[in-house]
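Q: The lines below spell out each chain.
Protein chains: 2
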Amino acid sequence: MATEVTDGPAAGETNGAAVEKTVTFTAVKPQVFVESSKVSDAVAFYKSAFGVEEVNRVTHPKRKADQELPLLLSAEIKLGSSTILISDVSDDSAAPPKAVGSGLVICLETEDIEAAINTAVKAGAVAEGEISEGEGAWFGGRVGKVKDPYGVVWAISTPAAKKEGNVEA
Amino acid sequence: MATEVTDGPAAGETNGAAVEKTVTFTAVKPQVFVESSKVSDAVAFYKSAFGVEEVNRVTHPKRKADQELPLLLSAEIKLGSSTILISDVSDDSAAPPKAVGSGLVICLETEDIEAAINTAVKAGAVAEGEISEGEGAWFGGRVGKVKDPYGVVWAISTPAAKKEGNVEA
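Sequences listed follow chains A and B, in order. Those letters in the first sequence? Residues 1 to 169, per UniProt numbering, in order. Those letters in the second sequence? Residues 1 to 169, per UniProt numbering, in order.
Don't take each hint at face value.
When chains are identical, the list treats them as one kind, so a pair holds in a single copy or across two.
[To be verified] Okay, derived cross-link-like pairs now, DMTMM-like style, lysine to aspartate or glutamate, Cα gap no bigger than 20 Å in a straight line: (1) 47 <-> 114; (2) 38 <-> 128; (3) 122 <-> 112; (4) 38 <-> 114; (5) 78 <-> 130; (6) 47 <-> 112.
Everything labelled a hint here was simulated from the structure, so no lab data went into it.
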């Protein structure tokens with residue numbers, strides 16, 4: 001059907017670039033979405049259930065402790081050498097519809113979100129929304145999302161290096 | 001509300017418990033379930049989308065290449081230092097209902113499945129089924145499952161060390 005196949009056909013946006021850029025991923029983190037305000041409970045549960053250690057947390061930059069909405073948006077827990085994100089579904093645009101419960105997302109960290117998303121889209125994934133300033137788990141960073149042909153949502157984000165600041169307003 | 005807390009109440013902290021056995025987890029692996037017969041396709045896709053490397057595969061012990069049912073049941077792909085399992089939903093009892101697509105499970109590997117499941121259940125998780133001889137991704141090993149209070153299914157299995165054998169019948 002095609003004699004000249006230089007660039008990806010059907011499935012995706014091919015931004016011309018014939019030279020594939022090599023993308024390096026620095027981390028893979030399963031992300032569990034829990035109901036709004038349940039992040040703390042969930043972290044406590046995973047501590048007793050699996051002996052995880054909490055290594056990082058992201059609080060809402062604009063909420064105060066006495067507000068009704070939860071202050072803790074996302075936490076990173078460590079199990080052996082792996083990191084799992086536990087995130088509040090209410091404030092996270094990466095959450096797939098009906099994400100609560102078995103709604104998991106796999107996060108890939110890279111310094112080059114654009115190249116990573118382009119490569120995935122070329123391979124047949126569908127970009128979901130725009131790359132945006134991170135909220136929730138990615139506060140302080142940037143994040144984009146793709147859904148693969150099998151329905152899995154992959155959040156592609158910059159590493160969360162700057163999180164310790166946790167702006168409090 | 002409680003003066004004597006010896007064992008887990010409803011869904012919460014049970015740190016007082018009588019001599020908890022320490023469970024060591026040796027690996028954490030997100031597991032993606034894809035439609036029956038799509039494991040090969042999915043691995044090919046993840047290679048082009050994310051540059052993963054296939055490091056292991058489990059074929060069905062009783063099927064032959066010319067049968068209608070798929071031969072490849074599960075594959076392990078590597079992304080950086082992380083491993084992700086891609087499994088055929090048709091032959092895997094760990095698959096949550098409607099697991100295709102965003103149905104992910106997180107696998108934890110340990111030598112002591114019983115202790116791990118007991119600890120999780122004490123903390124408030126619910127055991128799903130019995131510990132069984134592994135099929136699919138865990139062929140040659142053993143696997144048990146728990147569902148946590150947030151709806152996430154955790155497959156707790158022995159390490160897949162003996163997989164290379166891949167019995168062929």
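Q: Regarding residue 38 and residue 114, is the shortest C-alpha distance of 20 Å or less found within a copy, between copies, in both, or in neither?
A: neither (32 Å within a copy, 28 Å between copies)
Q: Please sort residue 47 with residue 112 into within, between, both or neither, judging by C-alpha distance up to 20 Å.
A: between (33 Å within a copy, 18 Å between copies)
Q: Give the relationship of residue 47 and residue 114 under a CA distance limit of 20 Å: within one copy only, between copies only, both, or neither.
A: between (35 Å within a copy, 18 Å between copies)
Q: For the identical chains here, do residue 38 and residue 128 meet the 20 Å Cα criterion within one copy, between copies, both, or neither?
A: Neither: 26 Å inside a copy, 23 Å across copies.
Q: How do residue 78 and residue 130 come out at 20 Å by Cα distance, when the copy is not named: within, between, both, or neither?
A: neither (29 Å within a copy, 27 Å between copies)
Q: Between the shortest in-copy and the shortest cross-copy C-alpha distance, which are at most 20 Å for residue 122 and residue 112: within, between, both, or neither?
A: For residue 122 and residue 112, only the intra-copy Cα distance (16 Å) is at most 20 Å; the inter-copy one is 43 Å.
The structure shown violates the earlier hints numbered 2, 4, 5.
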